[in-house]
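2 protein chains.
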Amino acid sequence: MKTSGKNKFDLDTPCLVLDLDLLETNLRKMQDAVNRAGKNLRPHAKTHKCSPLAQKQREAGAIGICAAKVSEAEALVKAGLGGILVTGPVPTPGKIKRLVEILAVDPSLMVVVDHREGVNLLDAALSERGLSMDVLLDVDVGLHRTGVKPAEALELADYILSRERLRLRGIQAYAGQVQHIRSYDDRKTASHQSLQEAVPLFRELEKKAETCTIFSSSGTGTFDIDLAVPEVTELQVGSYACMDAEYLDIGSAENDRQFTSFGPALRLLTTVVSTNQKGFVTVDAGLKSLYRDGGTPKIIGSESGMTYTWFGDEYGMVICPDPVGLPPIGTVLELVTSHCDPTINLFNQFYLIRGNDVVGVWPIDLRGCSQ
Amino acid sequence: MKTSGKNKFDLDTPCLVLDLDLLETNLRKMQDAVNRAGKNLRPHAKTHKCSPLAQKQREAGAIGICAAKVSEAEALVKAGLGGILVTGPVPTPGKIKRLVEILAVDPSLMVVVDHREGVNLLDAALSERGLSMDVLLDVDVGLHRTGVKPAEALELADYILSRERLRLRGIQAYAGQVQHIRSYDDRKTASHQSLQEAVPLFRELEKKAETCTIFSSSGTGTFDIDLAVPEVTELQVGSYACMDAEYLDIGSAENDRQFTSFGPALRLLTTVVSTNQKGFVTVDAGLKSLYRDGGTPKIIGSESGMTYTWFGDEYGMVICPDPVGLPPIGTVLELVTSHCDPTINLFNQFYLIRGNDVVGVWPIDLRGCSQ
Numbered sequence: 012m013k014t015s016g017k018n019k020f021d022l023d024t025p026c027l028v029l030d031l032d033l034l035e036t037n038l039r040k041m042q043d044a045v046n047r048a049g050k051n052l053r054p055h056a057k058t059h060k061c062s063p064l065a066q067k068q069r070e071a072g073a074i075g076i077c078a079a080k081v082s083e084a085e086a087l088v089k090a091g092l093g094g095i096l097v098t099g100p101v102p103t104p105g106k107i108k109r110l111v112e113i114l115a116v117d118p119s120l121m122v123v124v125d126h127r128e129g130v131n132l133l134d135a136a137l138s139e140r141g142l143s144m145d146v147l148l149d150v151d152v153g154l155h156r157t158g159v160k161p162a163e164a165l166e167l168a169d170y171i172l173s174r175e176r177l178r179l180r181g182i183q184a185y186a187g188q189v190q191h192i193r194s195y196d197d198r199k200t201a202s203h204q205s206l207q208e209a210v211p212l213f214r215e216l217e218k219k220a221e222t223c224t225i226f227s228s229s230g231t232g233t234f235d236i237d238l239a240v241p242e243v244t245e246l247q248v249g250s251y252a253c254m255d256a257e258y259l260d261i262g263s264a265e266n267d268r269q270f271t272s273f274g275p276a277l278r279l280l281t282t283v284v285s286t287n288q289k290g291f292v293t294v295d296a297g298l299k300s301l302y303r304d305g306g307t308p309k310i311i312g313s314e315s316g317m318t319y320t321w322f323g324d325e326y327g328m329v330i331c332p333d334p335v336g337l338p339p340i341g342t343v344l345e346l347v348t349s350h351c352d353p354t355i356n357l358f359n360q361f362y363l364i365r366g367n368d369v370v371g372v373w374p375i376d377l378r379g380c381s382q
Numbered sequence: 012m013k014t015s016g017k018n019k020f021d022l023d024t025p026c027l028v029l030d031l032d033l034l035e036t037n038l039r040k041m042q043d044a045v046n047r048a049g050k051n052l053r054p055h056a057k058t059h060k061c062s063p064l065a066q067k068q069r070e071a072g073a074i075g076i077c078a079a080k081v082s083e084a085e086a087l088v089k090a091g092l093g094g095i096l097v098t099g100p101v102p103t104p105g106k107i108k109r110l111v112e113i114l115a116v117d118p119s120l121m122v123v124v125d126h127r128e129g130v131n132l133l134d135a136a137l138s139e140r141g142l143s144m145d146v147l148l149d150v151d152v153g154l155h156r157t158g159v160k161p162a163e164a165l166e167l168a169d170y171i172l173s174r175e176r177l178r179l180r181g182i183q184a185y186a187g188q189v190q191h192i193r194s195y196d197d198r199k200t201a202s203h204q205s206l207q208e209a210v211p212l213f214r215e216l217e218k219k220a221e222t223c224t225i226f227s228s229s230g231t232g233t234f235d236i237d238l239a240v241p242e243v244t245e246l247q248v249g250s251y252a253c254m255d256a257e258y259l260d261i262g263s264a265e266n267d268r269q270f271t272s273f274g275p276a277l278r279l280l281t282t283v284v285s286t287n288q289k290g291f292v293t294v295d296a297g298l299k300s301l302y303r304d305g306g307t308p309k310i311i312g313s314e315s316g317m318t319y320t321w322f323g324d325e326y327g328m329v330i331c332p333d334p335v336g337l338p339p340i341g342t343v344l345e346l347v348t349s350h351c352d353p354t355i356n357l358f359n360q361f362y363l364i365r366g367n368d369v370v371g372v373w374p375i376d377l378r379g380c381s382q
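Sequence lines, in order, name chains D and W.
Residue numbering for the first sequence follows our numbering, beginning at 12 and increasing consecutively.
Residue numbering for the second sequence follows our numbering, beginning at 12 and increasing consecutively.
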């Protein structure tokens with residue numbers, strides 16, 4: 012379908028659009044902040060699931076790209092991207108085989124480990140293939156989802172160092188549990204406390220092995236907070252590129268009621284399809300195009316105070332306190348999505364816009380890469 | 012990837028499997044019930060998003076297939092399926108153009124209408140193309156999402172009948188709001204009350220126009236209840252084929268604590284990937300592979316009382332009251348999904364199983380068809 016030259020409001024809906032001006036500003040602001048702190052940026056592709064966007068992040072200065080899953084790493088390497096870090100442990104033979112196949116194509120691939128069993132399987136698979144691999148020790152700093160506890164981390168680090176095929180490059184310490192704390196000051200305190208749990212370990216590893224130079228950490232909610240931690244060497248932030256209602260609702264350094272560091276580059280377009288009720292209309296975006304997680308989607312430019320609420324798999328309800336302000340059939344509304352990551356994962360493409368003009372399309376080529 | 016001959020527990024996870032024995036039983040039970048009542052079945056593809064599964068439903072006796080969106084209808088017709096009913100109103104020029112293009116390929120296509128504006132646009136587009144089309148009047152029987160109110164329905168019906176290019180074939184009355192009422196008796200009462208709102212209208216339309224022969228209605232939760240309504244001519248049930256935890260939790264005619272009419276043919280496989288905590292382990296299925304909606308996923312065959320809970324975009328937490336019962340790294344667990352429709356929409360394929368053997372793959376070719 013020819014889309015370039017179209018007005019965004021003429022696109023069939025529901026669809027996702029990316030405002031390139033806002034996106035480029037977001038990428039630049041993050042890269043500048045990281046550069047100023049003398050650190051590195053390895054942004055997370057789990058958010059945008061889009062290798063052309065990852066390529067933009069690389070061009071802006073990122074040293075690599077993070078992937079949550081092996082299948083995401085496969086797609087990124089296939090698209091020619093390097094410096095991939097798989098941020099979840101991969102402790103099963105089938106997946107490790109896939110991982111080692113990617114490594115054979117791109118030796119810069121890294122993965123985290125958090126258990127002896129995963130270490131043994133990986134070491135054996137690498138040995139069989141005659142390869143060696145960079146790994147980070149995943150340290151649990153309070154999220155409790157993956158990672159070894161700090162008290163047990165040194166023992167596992169020693170074990171990794173004893174394996175022939177693994178090069179321990181440092182640690183990953185992701186404090187996911189603090190990213191959406193509303194108050195900036197509380198978030199700052201919580202993030203510092205979390206990361207401090209990993210600092211003595213990292214200092215110890217630096218002494219133990221000269222290969223240990225990476226402390227990968229952070230998320231969009233704490234990017235500036237974590238840049239102030241001397242030991243942190245790189246950020247693995249994701250949402251800052253696209254942004255969502257969930258992140259825009261937390262406080263930031265400049266404004267304790269709003270997260271003003273990055274702008275809402277990602278929007279969902281939805282059309283009014285039924286208007287037979289009083290007080291609300293029905294739009295064509297529901298659970299299957301707007302993931303119900305992490306706060307309420309916000310309608311952009313609604314002067315009459317319209318709000319979106321879920322109304323089943325295929326539909327949404329748009330409520331207006333003033334019935335006169337209800338939009339007629341066919342009206343296209345523009346929303347900031349609830350939680351951007353799982354919403355993007357519902358679509359095959361982003362329409363790229365400058366102002367109201369559609370200027371291109373990017374495939375969401377990592378969509379569905381959940382393995 | 013060669014999958015046939017594999018054991019399901021050797022599949023990379025997270026992935027969706029369809030138990031063919033249960034699926035075939037579900038399809039046969041529904042078709043038999045509909046046949047016994049002397050009615051028709053036009054099952055909804057919005058649930059399974061899979062044209063090979065729709066083909067199975069046709070082979071079992073269905074007279075056609077329902078689609079929620081124009082893009083779903085496009086994919087179904089492309090796959091060679093006929094008798095497609097689009098169950099949501101399509102009131103915008105771009106989508107109507109797409110609809111008319113499908114009609115040009117398959118004249119059996121039908122769509123619902125609920126507003127004069129949609130009627131006018133459709134009539135004009137058909138006129139331009141020299142085509143005519145079957146439509147159903149979408150009547151709101153309490154869900155308030157789409158559909159004309161019963162009191163205003165006759166006026167809109169007369170208007171449709173006055174249009175040259177539209178053939179009014181009857182009504183759609185979908186009581187989505189009653190489908191998950193837990194008590195079977197309460198659900199029965201509520202469904203009858205809802206459908207009765209449309210019965211006088213349908214009787215009137217039957218008198219007005221001999222083309223008005225269709226009363227399309229129902230969902231999985233009320234299939235047997237609505238088959239007892241004399242005016243209903245066809246069911247547009249969806250979830251019965253795959254089933255989910257949300258439906259299995261409601262009462263049925265035979266058992267007021269469980270929905271025993273259909274079995275859980277759909278399952279999600281997920282693997283334990285991190286085991287460094289007390290009381291729980293982390294598995295590799297989160298929001299992006301298990302939609303957080305409609306109840307808690309259930310772990311099949313868990314004798315030690317394991318329960319799943321969400322743990323972020325990529326992960327789940329499996330809690331076990333007895334820590335000795337916690338599964339080790341690499342264990343594959345089998346879950347009944349929360350709400351099947353939006354979960355299926357996250358994946359590209361179903362692995363087909365008989366017992367534990369993988370016997371094939373079906374593409375989820377309507378996935379992402381939200382337009």
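The hints are simulated quantities; they were obtained by calculation from the structure and are not laboratory data.
Careful: at least some of the hints might be erroneous.
One copy or two, either will do: identical chains are not told apart, so a pair holds if it fits within one copy or between any two.
[To be verified] Okay, derived cross-link-like pairs now, BS3-like style, lysine-lysine, Cα gap no bigger than 27 angstroms in a straight line:
no., residue 1, residue 2
1, K160, K289
2, K89, K218
3, K67, K50
4, K199, K108
5, K108, K309
6, K17, K108
7, K289, K67
8, K50, K108
9, K289, K89
10, K89, K108
11, K17, K219
12, K309, K289
13, K309, K50
14, K40, K289
15, K160, K218
Given the structure is predicted, the values throughout are model-derived calculations rather than measurements.
Hints the structure fails to honour: 2, 4, 5, 7, 8, 9, 11, 13, 14
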